[in-house]
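All chains, please: the whole structure from these sequences, using the hints.
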Amino acid sequence: MNLRFKRLISQIIFFFSANLGLKLGGIFPGVTTGFCYPFFYCHACPSASAACPLRSIEIGVYRSNWNWRLILYPVLIIGFVGVISGRAVCGWACPIGLFQRVTGKVAKKIKKKYPAVRKLGQLRIEPFFRYVKYIAFIGLVVATPILIGFMFTDVCPIGYLVGTIPISILNPGEFTPNEFFYIAIIVFVLFIILIFLVERGWCRYFCPIGAMLAPFNKISMYQVVVNKDECIHCNICANDACPMGIDVPNMDRDPECILCGKCIEACPKKIISFKRA
Amino acid sequence: MKKITVVKLALVVLITIGIGDMIFEYGTYDDIHNTIVSTLCLSCIKLDPVSRLDFVFETGNGEAHPEFVLQNLTKGPLFIEYRSDVCKACDDMAPIIKDIFKLKFEKEDTLYKMVNYSGTKINFYHLNLDHASQIQKDSFPIYDKDQIKGVPMFVVITVKYDRGIIKPCYTAAYGTLGLDTDEERREMIINLIEDGIKLYEQNHEGYQYP
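The listed protein sequences derive, respectively, from chains A and B. So in our numbering, spot 83 of the first sequence is number 83, and the numbers just go up one at a time. Start counting at 1 in the second sequence, then tack on 277, and there's your number in our numbering.
One should not assume that every hint holds.
[Unchecked claim] Here are the simulated lysine-lysine pairs, DSSO-like style, with alpha carbons at most 27 angstroms apart:
no.: 1; chain 1: A; residue 1: K218; chain 2: B; residue 2: K279
no.: 2; chain 1: A; residue 1: K218; chain 2: B; residue 2: K285
no.: 3; chain 1: A; residue 1: K275; chain 2: B; residue 2: K285
no.: 4; chain 1: A; residue 1: K275; chain 2: B; residue 2: K280
no.: 5; chain 1: A; residue 1: K112; chain 2: A; residue 2: K269
no.: 6; chain 1: A; residue 1: K275; chain 2: B; residue 2: K279
no.: 7; chain 1: A; residue 1: K228; chain 2: B; residue 2: K280
[To be verified] If you want the ones that stay clear, here's a sample from chain A, every Cβ over 12 angstroms from chain B, calculated:
no.: 8; residue: M1
no.: 9; residue: F16
no.: 10; residue: L98
no.: 11; residue: G104
no.: 12; residue: V106
no.: 13; residue: L123
no.: 14; residue: E126
no.: 15; residue: Y134
no.: 16; residue: I192
no.: 17; residue: I193
no.: 18; residue: F196
no.: 19; residue: D229
no.: 20; residue: C234
no.: 21; residue: I236
no.: 22; residue: I271
Just so you know, these hints were derived from the structure itself, not from any lab. Quick reminder that beta carbons are idealized off the backbone N, C-alpha and C, glycines included.
What follows is the structure, given as C-alpha cells:
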C-alpha cells in the first residue's frame, strides 16, 4: 500500500471520528465527547463529536475571565499530539486537510495553467505570509477575546463550512443571520478562493491550529529527513510534490512540514524518509 | 539513549499526566462536553434562531416542569433569562433585560427576584448556566422549546386553559431575537412579557399548585 493511499484511509477514518455525533434515527444515537479536536474542526457541526480547541481557549480568556482549565486542556491535547508527531495531524487527520486534498488538485492545475498564479507562490515576500497564522492565533484567538470580546470563531470559515451551511440546510427557516454572518460569508468566500488557488493555502497561511502545532515540528518524535549528501537537487520534491511549498532539499525540521510523505514518494533517489527520534 | 529523546519522553509523560489530571481531578472533560460540545454555539454558526412566540404546553425535552416553577406560578408568571459566561448575544441583550425590569446584576449572578411590572408581580430569574444550581441548569432543556440548545434564551412561563384544565405553558425566544436594533428587541421582549401577563390574568384563578 503506498503512502498516498494510507494517508487517504487515515484521513477518512479521522473524518468519521470527528463526525461521530451524527444521530441516525434509531440506528445510531450519536457519540459526543468532552475532548478537544487536535485539528481544525467545529463543534457547531451537527455531527461533531468533540470541541474546537480554539473556542475553548477563547472562552478561557474571554474578557480576562481567566479559566485556566479551558485554556490548558486544548493546549495539552495539541501539545501531546505535537510532541509525538508534530504537524502530521494536519496531513493525516485534519478533515479540512482532506477537503483541501480535493481542492489542491484544482489548485495544481490552475498553477500549471496560469503563470501569474505560479508567480504568486514565488514572490519573495511569500514566506512572510506564513507568519499570518501566528498573528491570527495570537491576535484573534487570544488578544481580541481578552480586549474587546471579539473571537476568531465568530467569523471562522470552517464554522461556516461545517456548521452554518449544514444547519441552514437541515433547519430551513429556523435561523436568521446574526451580526457576524455577512463578514463570515466574505471570509468564507476568500477561504474558498484561497484553497482553490493555493494548494493547502489555509494550512500555509491562516490555520491557527497549524500555528499551535508548527513549533512542535522542531522537537517532535517523528520527522521527515533528507539525506543531503546524496541529493541531486532535481527539486521534484519541492516544486511538484510538497503541498506546503517547502524547500524540501534544504529543510531541517521545517515548521511547515505536515509529514504527508509526498516528497518521500516523489524523490527519484529515494533519499527522503520518515525518521523516528 | 540521547538526552533529547529523554526530554521528549518526559514531556509526553508530563502532558499525559496533565491531561489525565484535568479529566479525572478537575472534571474538565465534563465541562467541555456540557458547555461546548452539547450546546449549540450560535456565534460559531453566525446565526440566531427565529423566535416563534407561541405559548405551548409540551416541554422541550418532555420532562415535567421543575418544582420552583410550579410553586412560583401561584404568585405570578415567570420570566427566566438563561445565559453563559462567554456569550456575545447575552452581553448584547443584558442591558435591555435590566432596563425592562429595572434591575442591577452581574452576568455571573444567579438571581431570583419578585418584580413589579406595570402592576403585575413577575418572578424574575437570571440564570447563568456556568454558575447556576443543578436544578436550575436542568430546567434549561425543559424550556428549550425549539431545541436550539443555545443561549441566551428568554422564557416566559404562565398558565393557560387546556381541555378543561389550567396548566403551565411557556414560550422561549433566543439570541438577539433575529432583530437588528435594541429598540426592536426591547419591544419584542415587552410583548412577550405582556402576552404572558395577559394569559396569567385570564387563567390564574383556575391554576392549582400540584
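Hints the structure violates: just list their numbers, smallest first.
none
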